[in-house]
Structure formats: C-alpha cells, structure tokens
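Residue numbers (the working numbering), protein chains in the order written: chain A, 1 to 254; chain B, 1001 to 1254; chain C, 2001 to 2254; chain D, 3001 to 3254.
It is possible that part of the hints are untrue.
DSS-like, lysine-lysine: derived pairs with alpha carbons at most 25 Å apart [what the hints assert, rightly or not]:
{"no.": "1", "chain 1": "B", "residue 1": "Lys1159", "chain 2": "A", "residue 2": "Lys159"}
{"no.": "2", "chain 1": "A", "residue 1": "Lys17", "chain 2": "D", "residue 2": "Lys3017"}
{"no.": "3", "chain 1": "B", "residue 1": "Lys1201", "chain 2": "B", "residue 2": "Lys1155"}
{"no.": "4", "chain 1": "C", "residue 1": "Lys2159", "chain 2": "B", "residue 2": "Lys1017"}
{"no.": "5", "chain 1": "B", "residue 1": "Lys1242", "chain 2": "B", "residue 2": "Lys1181"}
{"no.": "6", "chain 1": "D", "residue 1": "Lys3204", "chain 2": "D", "residue 2": "Lys3242"}
{"no.": "7", "chain 1": "D", "residue 1": "Lys3146", "chain 2": "D", "residue 2": "Lys3159"}
{"no.": "8", "chain 1": "A", "residue 1": "Lys201", "chain 2": "A", "residue 2": "Lys54"}
{"no.": "9", "chain 1": "D", "residue 1": "Lys3017", "chain 2": "C", "residue 2": "Lys2104"}
{"no.": "10", "chain 1": "C", "residue 1": "Lys2104", "chain 2": "D", "residue 2": "Lys3159"}
{"no.": "11", "chain 1": "B", "residue 1": "Lys1146", "chain 2": "A", "residue 2": "Lys104"}
{"no.": "12", "chain 1": "D", "residue 1": "Lys3104", "chain 2": "C", "residue 2": "Lys2159"}
{"no.": "13", "chain 1": "A", "residue 1": "Lys104", "chain 2": "B", "residue 2": "Lys1242"}
Everything labelled a hint here was simulated from the structure, so no lab data went into it.
4 protein chains.
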Amino acid sequence: MKIDLNCDMGESFGTYKLGYDEEVMPFVTSINVACGFHASDPGNMLHTIRLAKKHHIAIGAHPSFPDLVGFGRRNMGASPDEIRADTIYQIGALWAICQSEEVKLQHVKPHGALYNMAATDIRIAGAIAEAIQSVDPGLFMVCLGKSQMVEAARKAGAKYVEEAFADRAYTNEGTLVPRSKPGAVIHDINLVAERVMSMVKHQKITSIDGVEVPIVAQTICVHGDTPGAVEMIKLIRKLLDKDSIVFEPFGQSS
Amino acid sequence: MKIDLNCDMGESFGTYKLGYDEEVMPFVTSINVACGFHASDPGNMLHTIRLAKKHHIAIGAHPSFPDLVGFGRRNMGASPDEIRADTIYQIGALWAICQSEEVKLQHVKPHGALYNMAATDIRIAGAIAEAIQSVDPGLFMVCLGKSQMVEAARKAGAKYVEEAFADRAYTNEGTLVPRSKPGAVIHDINLVAERVMSMVKHQKITSIDGVEVPIVAQTICVHGDTPGAVEMIKLIRKLLDKDSIVFEPFGQSS
Amino acid sequence: MKIDLNCDMGESFGTYKLGYDEEVMPFVTSINVACGFHASDPGNMLHTIRLAKKHHIAIGAHPSFPDLVGFGRRNMGASPDEIRADTIYQIGALWAICQSEEVKLQHVKPHGALYNMAATDIRIAGAIAEAIQSVDPGLFMVCLGKSQMVEAARKAGAKYVEEAFADRAYTNEGTLVPRSKPGAVIHDINLVAERVMSMVKHQKITSIDGVEVPIVAQTICVHGDTPGAVEMIKLIRKLLDKDSIVFEPFGQSS
Amino acid sequence: MKIDLNCDMGESFGTYKLGYDEEVMPFVTSINVACGFHASDPGNMLHTIRLAKKHHIAIGAHPSFPDLVGFGRRNMGASPDEIRADTIYQIGALWAICQSEEVKLQHVKPHGALYNMAATDIRIAGAIAEAIQSVDPGLFMVCLGKSQMVEAARKAGAKYVEEAFADRAYTNEGTLVPRSKPGAVIHDINLVAERVMSMVKHQKITSIDGVEVPIVAQTICVHGDTPGAVEMIKLIRKLLDKDSIVFEPFGQSS
C-alpha cells in the first residue's frame, strides 16, 4: 500500500520567511512550490528546489492569481485565457529552475483562490488543465477529489491525481465542508492521523454527520506553516510507517 | 552571405500597447521577447509568440531587472546570484509559452540596464551566461560585440553570437559611442542602411572619427518602436535584398 | 444652469502612454486621476497634476483594486477593511502630489471593478465612503446615481455627487443597461450630445425602451481614451455652450 | 537632557510578519513606517499607525526605492525627479493613514539604499529634501549626521535632525565605518548602551581607532528586527532612565 503526502513549500518572499520548509521536507513526498505570483521569488524558488533535490522530493508548480499582498487567497475575475497564460508562465518559470538543478517537475497544483474557483468552475479548471497539457503532457494536475478539476483534466486529456485533505471534514457526498462551517477543520492531530490511515487503507472517511463515505486519495494534502502542523505530519508519518504503508510520490507509482 | 536582424518585441503590458510588432515582424529574422520584468505579461507574451509563429521568426527571451515602472532601464544593485535566478525564471516563463505553441527558443538577450551592465561587468555577464547554460545549452546568448558578455559566454561554455547595432556610432576601438555623446545615434536611415551593408559585406564600419574598424556582426539589432524605425528596417531589408544577402536567424546557420 | 464634466486622466504608466490628456483637459471640468494601483506612477501623477493646474481643472483621486495587469477591471475578493485601507493610501498619495503643486483635491471616484462592485455592494461602498470621510470630510465621493454608493455616502456622512454617463443607455428604472446587453453603449456622438443636454436641462433621459425617466446628474462622465471620444467631448461642450450652460466643477457650486 | 530613539517599524507585508513591533514600540519615541515600496501594504500601515497611536509614539514616513523583492536594499539608478515623485507619493500615502487615525506625521527618513545613496549624493538628498518641503514644511528630514543629507536639507530650507547609530562604529572623522569593514557593527549590548550614553551626555563617541570624536545625535537609530535587538533597546533605555535622561520625540523638543 502506497501513499503520497503533498505540502505547499517555498512560500518565503524576499527577506520574508514563511513556513517550516526544512523541518517538513523530510516527511513529505511531493511539494507544491510557489512561483512568484502569490509568494516566492526566483532566488527563493531556486533555494527551495535545491532543498527538494537534497531530500529527493517530487516537485510541483503551485500557480496562483497575481496577488502578492493577498497571498493569492482573494478571488479574481480573471478570464480563462488570462488564467491559462498565467499558469503556463508560472509552470515555465519553475521548470527552468528545476532544469538548472537537473531535477524534474512532477505536477501542477493551483493555489488558494485559484484552486477553490477551479474546483467549482469548469472553465477555470479547463484553462488550467489545458495550460498543463500544452506545456508538458507528462505533468500531473492535482485535483480536488470529485471536483470540476477532475472533469476538466479528463476533458483536456491531462494526467491527474485526486487529492484529499488530512485535516478537513467531509460531507456525506464526499465533498469538503466549507471553512465557514463549524467543524470544517480538524485540529486534533491524533484524529487527523487516524483519518489519513482510513483514507489510505480503506478508501473511506467518516463524514461530519458520522456516515462512512468512500474517498479517492491518490495524494493527501498536509500543511507545513505552523509548528503544530509539523507535529501533525510527523505523527501521520509515524502511524502509517508502523503499518508498513509506503510513502512515495504519485508520479512514481503511475 | 547571410545576416540576422533582431528586434525587441512583445513590450506591450496589460492594456498598454507599445511598438509596431505586426508591422516589423515580417522584416526581421529574430525577436527578443519581454518576459514580464520590464514589460509584457503572460497574455501578451502568448500573443507575441503566436505572431512570431505565424511569421516563422526565431524567438529569444529578453530578461531584465524587475522594474516595470522604469522599463528595465535603471541600473540595479542586484547580486550575480539574484541576476542568475531572475534570468532562469524569465527564460523558463517564455520557454513554456513557446512550448504551448509548439515553437522553439533560439536565444537569450538581456534587456536595457542589465545588458549595459553585463557588457562591462564580467560577474553580471557570467551570471547570465550560467543561467542560460543551466537551462538549455542549446540556447544562444546574444552578446554586445567585444564586450565582457562574449568573455563570459566563452567561460561558461555557452553558445553565443556577437551583436552590432544598426543605428549606433562606433569608436576606433570598435566599441559603442556612449549615448551621452553627440552623434551616438544615427538618424539618417539611408546612412544606417549603408552601414549595415558594410557590416555584413565587409565586416567593417566607419568609426565616429572616420576610421575604418573591423566589426563582428553575427546579428544586427534594429529598433521597432517608432514609425521611423519601421521605415529604417524596411530600407535595410530592401537594400540588402537587392544585393542577394540572405536573411536568416543565426540559430539556423550554425 | 451649471454642469460638471468628469473624465479619467493620468492613466499612462512608466514608458507607456494612454489617453488624450492634453487634448481633453481643456474641455472637462473635473478629472479622476489614477493613483498607481490600476495605472500611473508617481512621476506620471505629478505630470498630470501639473497639467490640471495649468488648465484650472478640479482634481479627484481614482482609487482601484491593486491590479496593473488587469487595469483594475477585474473583480477582486478584497475585504471591506482591505478596500478601506487601499482607498486611504491612494487618496493620500495623490493628496501629497497636489500639495506639492499647491492645488486641492476635490473628490474621490472609485475606478473600474471597484466602482462597479461598490455600486451594488453596500459594504464595499461603505468602506470607500468611510475612507474618504476619514481622510478629509471636505472631499466629495462621486457615486453612480441611485446606487448603493449614494446610500453609503449618506450613511457615512460624506459629501457626494451623483453621476450619469454621457454614452450609456439607461433602463426604465434609471439604472445603467449592463455592458453585456446590446445597445448599452451609445456610439452616435450627436445622440450622446443631445442626451447630455436633456440630462442637464430637463433632468430626464430616454430609456432603452423609449420611456422618459428622471435622472440626477450632478456630474457627467465622459471618456477621453480614443480620438472619437475627444470629438464627443468637444461636441457636447459646443452644444451646451450654445445654450449658455455653465461648465463648472461640482465642488465650486456647492 | 533629552533624547529620541527612532526605529524602523511596520515592515510586515501581506501575510508575512517581520520585526518585533509590539515589543519594541513601548521603548522607542519615534518610528519610521514603511510605505509599501520596500515593505508593508495599506492594511499593515494602518495597523502600525494604530499601534503607534496607542503608545503615543511619533510617526515618520520611511520611503524607499520601489523594490519589494530586494527590501529596498539594492541601489537603483532612479533620477532625482523619479525619487522626488516617489518620495512625495509615499509620504502622502502614510499621511492619509495618519489622518484617518487622527494622528500627525513628524518626520521622513529615507530607507535602505535610498538612505545610503542620499548620504553621499547631494542630488538624491536634494530630491528627498524638496519632496518633504513641498508636501509639508513642518516635517523633519532625518539625516545621517555630517552627510550630504544635512547639506540638502539646509539648502531646501527643510527642518531636519541629525541621526547617530547606536550599534555602529565611527571613524576619526565622525562618519560611519562601512559595513564591509571588520568591527563596523557593535554586537555587545552593554557597550552599545554605554556608547549611546556617551553620545547623549557628552556629544562624543570613541572612534574605531580609539580617538574621542564629537558627534551630533538629535535622534539615535536602534533596530527592532531581532530578539537581541529588542534586548539592546531595553538596556539602552534602562541605563539612560537611571541617569534621568528624558526620552522624547525630537519633534516635541523643537
């Protein structure tokens, strides 16, 4: 039994430091690297790729709306054409940095507001899928499970994986409970680790209403931007290691 | 006898239009495409690459210091490491856009203040040469003739071509007369066309002091941002066409 | 009988030129000056204020979402607190430039997507009204007539004027016909001039369905970014001049 | 006997946190607030001004070259006209935020590379002095002691104070030992506190060569961006408090 843990990385910017990249890197298998639109800059991207290379972590681009002040978390009324071009640009920027360090790009995962909008808007998801496909058909699109992103990836003929969230509650339909609702985020790290175990071993998760629902988790998203988050990742890793579950980037299994 | 004419292109930005891209494109053989740091944005880069594809023009990246307000014309005290990373980033961004349109990148030519600083500072020229070499050793570096850029390209083992300027005066040493001096820029389009002819056919140019000096011109830079400039390019083209000189991107001859 | 004509100005950016500021300035009475978030830069703002000073034009700030690439025309999910702070910042930047040229600020008019969102969202309109009021209670807020902006200005106790558009069609309810609908923009400059005359003299306008509807037009917005637009402004001016209508900034009448 | 301690503040940006503003604020008398060009954003500027208001700290603008990635620490070849306009813009942005919180601006201190270049280049220092003077003649310009900034302020007729650095070594001529030289920065916090005491009580400082040199210190710059720096400020404060030296913003004494 195999699983991939993905985590956002390289979100520092200029003189500003963000996240626990050095601490988290050894415990995840894939990373999503900011490309300068919501966070990071070329020097910091290079630093992040060198760190990933050292730890043999699979690398993905983490494109965003152009919004440094808002960290890419604010919805923007960009057109699909604009999103397609912005996504190509950001993938390329990271690709070249990988190239200069002789490592490969594995995937693309949209960031923040762009991810959330793509999950429900097929035109936005389609723009991203086409962008990925047009740059390199070998790249995976990381999609929110059961979302419009999956639909768009299929349509564009792009490789994709479905993603589940370690610390988020799910509805009976297997979709994410919106962050605005109570209980949307699970803070108990033991419970989170158990839920990840259930996702991986049984492809099931207990919904917020207590119902067992099927879930596809080809990669599981964990967060690395708080000390607590680092503890959570280590615990997940420890628990699943004990059960002989293999941690491996999804790009290797396929 | 063959020659390449290169011209800066794709310098529009968002809603702002700059340059006579459509008018100039049919008359040049290589273009230097702005990558978003001094001009352009992903959507406009894509538009420019489509235009270049239509006209079968060879494409180069035109990286710059990050300075939109100053159009990359202001010197910046960036470190060689910062310049190296910024250059890689910009090459990659344009590479991906070329990839999405199934065309190739031929070269990299630094823009504005970065070009001028690289011409005299071997550390800056070296950072650019290493950046190019690390992304794709097949890419040419466009260097000011006889400058530190040539030296840096050789040292890094990067492919390069030496560039001459159609409308600039030269010293007895074969270097450019600084723009601050009278007579530095030649405005008479007939004279410019004749000088280009001399560069191509005889590898010679008359210096500002009236001395014949040898010149290496593997590519000749022309400007396309004024109506007068467009006329100049057409005249150069007409004159050299008459003499059966072949216009061809330098990447094809080598 | 008096009227104010307002027009967006100072939308150039760095090396990029936009609009016919010099041509339009003599024919309008109030201008809305871009503040660096969707267009312009400090040097260009200073140039614009000097031009306005020369022509004795009343000056307003034209704050926007932070979106240079999209020219402030893309909706952004910024919070009211973010919009309030961004608006204060932009008003202040222009205020200081006016101060350095010893002229006064008359008003604030939100730009593009911010204007459109404020017209229908009382929380956004309220953030703008509070921002204006907190910087200088003498400043007018330019509001789309009958919109949530008027409501917000009243609530905040801010001075305001209601604005009508010279070249836009109106519904029977006196609201703007959305740009997406056919006939939303009126291109016949004679018809536009007549409609402005009707707004000013009779406070009435013929709706897109042919019904006469009352309209409040304390200032009328004209565009100055195309040669045709310049002609339109001159024609409006000529027609109303003949009828002895006085052109005067709204800040002077009150 | 009175002294002012000034410290850079409000250097966070969007989601990025920098500095120990809350810890340092109670121990200094004047702050230099980033204005969005090298750090900060409107929301964070507002937050900083509210904090300063709570602690009754005197407020200054901290304008910079436009360089977020380089934190304003990279020299830029901007013209005096560009620097003048950029400075006016940034002062105004902070002025409006102060206005909205009903507090006053006391001073302007250029940041980073702009400060260093102004210290030795009278044209740059002059552009800043004129900018300050043109916005509000009541504002002080904070100048490196004995530098071209002092000269420029006098010439422009601007109010100014001369600044000394708590933790920097001085030459026999009373100028700063360049950071590139060994011993340029003093790390021993007891020694730093003693030197500040000497500056304030005796207007003298021991140079790096052991010579006593006269020094003008109308305000003393301390740093607040490391935990060690916070300790240093507290120690300076404690030592001078014991000696009944009064801490007061320079704007109040004059």
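Each hint tested on the structure:
no.	hint	result
1	B:Lys1159 / A:Lys159	violated (35 Å)
2	A:Lys17 / D:Lys3017	holds (8 Å)
3	B:Lys1201 / B:Lys1155	violated (29 Å)
4	C:Lys2159 / B:Lys1017	violated (38 Å)
5	B:Lys1242 / B:Lys1181	violated (34 Å)
6	D:Lys3204 / D:Lys3242	holds (20 Å)
7	D:Lys3146 / D:Lys3159	holds (15 Å)
8	A:Lys201 / A:Lys54	violated (30 Å)
9	D:Lys3017 / C:Lys2104	violated (37 Å)
10	C:Lys2104 / D:Lys3159	holds (24 Å)
11	B:Lys1146 / A:Lys104	violated (37 Å)
12	D:Lys3104 / C:Lys2159	holds (24 Å)
13	A:Lys104 / B:Lys1242	violated (49 Å)
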